[in-house]
Structure formats: structure tokens, C-alpha cells
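Participant: Protein chains in written order, with my numbering: chain A, 28 to 146; chain B, 23 to 136.
FYI, nobody ran anything at the bench for these hints, they're computed from the structure. Predicted, not measured: the structure shown is a model, and the values here were computed from it. Certain hints may be false.
[Said to hold, decoys possible] Derived lysine-lysine pairs resembling BS3-like cross-links, with alpha carbons at most 27 Å apart:
no. : chain 1 : residue 1 : chain 2 : residue 2
1   : A       : K138      : B       : K87
2   : A       : K138      : A       : K97
3   : B       : K39       : A       : K65
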Amino acid sequence: AQKVTQAQTEISVVEKEDVTLDCVYETRDTTYYLFWYKQPPSGELVFLIRRNSFDEQNEISGRYSWNFQKSTSSFNFTITASQVVDSAVYFCALSEATFTTGANSKLTFGKGITLSVRP
Amino acid sequence: EAQVTQNPRYLITVTGKKLTVTCSQNMNHEYMSWYRQDPGLGLRQIYYSMNVEVTDKGDVPEGYKVSRKEKRNFPLILESPSPNQTSLYFCASSLYRTVQETQYFGPGTRLLVL
């Protein structure tokens, strides 16, 4: 069963618009971590944020903000006043406690959301 | 500079010709892992290693081998590549294997198997 769902596959906005990327996850663990990575057109994966399952405070970093809601198993990412440089594929990922995945702390990724910001 | 490096970055090969993609990290990380990225599928784990001489299968290990003889290196070996292994490959590492560790990724290797 898919454990990280990014239902939006492609989003296109005009520069300066706000955009929210959705992420819904599924886990039976009480201890887990959620991540967002950015993959720009150059192809590398850039770490953006890590959030643990016990901290539901929203986080803001410049134009980026993240909303974590355990009640809905969601960890959404909002870009305020989007810019062309924000164009990329964004991945949400889940890391579960080792007693679920055994000795492996693998990341389970969503399928990614392609964000295009037009000038 | 702390980083994960992969070589080569781009590779075109033919079916059946053995190849190795190298991965190296300079952060003294214990945990290393290989993922492949395919359109519409996100990233899937191929193999991982918790430390030197300790490796295990991920979700899609068929057709791949790995080794971990040194802490810093974790090569991915395709003994007999096939076209369905055409993909974008990422190596990643983290300090430990525990759930809270952030994995840092290499720049990726684009492989085309003809």
C-alpha cells in the first residue's frame, strides 16, 4: 500500500502566486519523520525540511512554510509569492521507526509534484 | 565540503555489459543507500548498508549488487544490465540508520541501457 500520497502531479502558477503542495501519509508507527525534498531541473535532490511526529508546530522559513496535521496525516508545503526559481519537482517522504522497517531507515517517497512557475 | 559524490553522472551502455556506479561520502556516515527514480513512481530503494560489510535489500533489488568494503564507498553494480534498468540513480547517506536522520543525496546518475 502506498504510504505517501502526493495527489497533485503537476501544478502551474504565475509568479508571485501562493501555492500549496499536498502530502498525505500513512503509518502505524507513533514515531516517524517527514521530509520534503526539492529536485530542480538540474536533477539533484535538495533537502528542505524534516519534521518529527511529536512536533505539530508549523514551520516557516522565508517564503516556505509547512503545515503538519497528525489528525489528517498531512504535511503540506506552501510557497508564498512563488518565483521562477521555485520551478522543480517536490517530493514528500516518510521515515518510519526501525521496528516497522527493521534495521532499515529507508525513506518512502511520494511520486512527486512538478511545480512550474511562469513569469 | 561535505558531500555525496557519484560517478559517472551520465552513462549509456548496452544490454549485458557489466557496469559499476560509484558512490562516495566524506561525512563519516554509517548508513548509505541506493535509490532509483522513475517517472510516475518517485524514488524507490534498491539496497542499503548500515555499516561496513553490512548490506541488505531494499524494495527493488533485482538485477543489482552492492558492496561496502570501506565506510565512505558504496558502489552499485549491474552485472548484466537490461533496458528496464534505464533510470536515474541516487546514492544517499546519513550519519546513522535511525529514523530521525536526514539522508543527503548525491547528484544522481542517469543510466540508459540500450
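Participant: Now tell me, hint by hint, if it's right for this structure.
Facilitator: So, going through the hints one by one against the coordinates:
no. : hint             : result
1   : A:K138 <-> B:K87 : holds (25 Å)
2   : A:K138 <-> A:K97 : holds (21 Å)
3   : B:K39 <-> A:K65  : violated (33 Å)
Comparing the model with each numbered hint stated earlier shows that hint 3 is the single one that does not hold.
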